[in-house]
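Visitor: If you want the building blocks of each chain, they are given just below.
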Amino acid sequence: AQKVTQAQTEISVVEKEDVTLDCVYETRDTTYYLFWYKQPPSGELVFLIRRNSFDEQNEISGRYSWNFQKSTSSFNFTITASQVVDSAVYFCALSDPNTGGFKTIFGAGTRLFVKA
Amino acid sequence: EPEVTQTPSHQVTQMGQEVILRCVPISNHLYFYWYRQILGQKVEFLVSFYNNEISEKSEIFDDQFSVERPDGSNFTLKIRSTKLEDSAMYFCASSEWGGDLEAFFGQGTRLTVV
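Quick note, the sequences are listed as chains V and U, same order. Quick note: the first sequence uses my numbering, first residue 1, plus one each step. Quick note: the second sequence uses my numbering, first residue 1, plus one each step.
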């Protein structure tokens with residue numbers, strides 16, 4: 001069965017610190033997609049990144065970077081020089097074509113507090 | 001940029017009442033989804049819909065729930081007789097056929113059952 005685990009429930013950092021959010025996934029399939037979403041206090045889901053299972057290149061987008069390691073089934077997310085506006089809940093998610101209908105399985109989320 | 005839109009953004013209803021949540025998916029998308037997020041919890045899959053029928057549903061999606069695509073643009077979720085525990089944020093999503101597994105999410109409808 002597919003599963004996404006975000007072991008960190010809450011993380012609190014001081015502004016300008018770097019922070020890494022962990023994500024470990026389980027799937028039996030070789031083709032799948034991984035995602036990160038940000039959910040600010042207003043409640044909407046903001047798409048951050050998609051990575052397919054055949055592309056293990058790490059990605060950097062501004063202060064955000066992602067480390068995908070198939071060997072450990074992990075897809076970790078790092079925010080460099082965190083800012084107060086980064087405070088939100090972050091969800092890691094897995095989409096698997098073999099589940100039928102391409103549904104997305106979400107992790108429990110990590111709540112990030114960035115203090116000024 | 002095309003987006004999924006949901007209405008209303010917030011709905012308050014009395015227990016036992018029927019409620020319909022509305023979504024307009026992205027126009028060329030063929031797969032449609034509803035997800036639910038109880039306050040403080042994770043986002044949970046409810047149902048996926050393709051070619052005018054349900055392709056998969058979760059255990060949460062019981063007989064109280066139904067989905068419909070009444071015309072070429074709308075996708076609705078109906079809860080027949082709301083319970084207090086149906087209070088949650090409901091997200092609609094859509095995705096394009098052809099291997100694109102990225103679902104685009106709407107901004108959500110916050111349902112409060114009183």
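It should be emphasised that the hints constitute simulated quantities derived from the structure, not laboratory data. Remember, predicted model here, so these are calculated numbers, not experimental data. For every residue, glycine included, the Cβ atom is placed at its ideal position computed from N, Cα and C. Treat each hint with caution, since some may be false.
[Unchecked claim] The list that follows gives simulated cross-link-like pairs (lysine-lysine, DSSO-like), each with its CA atoms no further than 30 Å apart: (1) V/Lys115 - U/Lys78; (2) U/Lys78 - V/Lys38; (3) V/Lys16 - V/Lys38; (4) U/Lys78 - V/Lys16; (5) U/Lys83 - V/Lys115; (6) U/Lys57 - V/Lys38; (7) V/Lys16 - U/Lys42; (8) U/Lys42 - V/Lys70.
[To be verified] The following label-pair restraints were derived from C-beta to C-beta distances: (9) V/Val46 - U/Val24: 13 to 21 Å; (10) U/Pro8 - V/Gln69: 26 to 34 Å; (11) U/Met15 - V/Arg111: 36 to 44 Å.
Visitor: Does each hint hold? Answer for all of them.
Guide: Cross-check of the supplied hints:
1. With a CA separation close to 41 Å, the supplied pair V/Lys115 and U/Lys78 exceeds the 30 Å bound.
2. The suggested pairing of U/Lys78 with V/Lys38 holds, with an alpha-carbon distance near 27 Å, which does not exceed 30 Å.
3. Simply put, V/Lys16 and V/Lys38 have alpha-carbon atoms about 19 Å apart, close enough for the 30 Å limit, and the pair holds.
4. With a C-alpha separation of about 45 Å, the suggested pair U/Lys78 and V/Lys16 falls outside the 30 Å cut-off, and the hint is violated.
5. A hinted pair counts as satisfied when its Cα atoms are at most 30 Å apart, and U/Lys83 with V/Lys115 does not qualify at roughly 38 Å.
6. Between U/Lys57 and V/Lys38 the CA atoms are separated by roughly 25 Å; this keeps the pair inside 30 Å, and the hint holds.
7. Between the alpha carbons of V/Lys16 and U/Lys42 the distance comes to roughly 28 Å, so the proposed pair stays at or under 30 Å and holds.
8. A threshold of 30 Å between alpha carbons decides the hint, and for U/Lys42 with V/Lys70 the separation of about 24 Å falls inside it, so the pair holds.
9. Under the hint 13 to 21 Å, the C-beta atoms of V/Val46 and U/Val24, about 19 Å apart, fit the expected range.
10. For the hinted restraint 26 to 34 Å between U/Pro8 and V/Gln69, the CB-CB distance of approximately 42 Å leaves it violated.
11. Judged by the Cβ atoms, the range 36 to 44 Å given for U/Met15 and V/Arg111 is violated: they are separated by roughly 30 Å.
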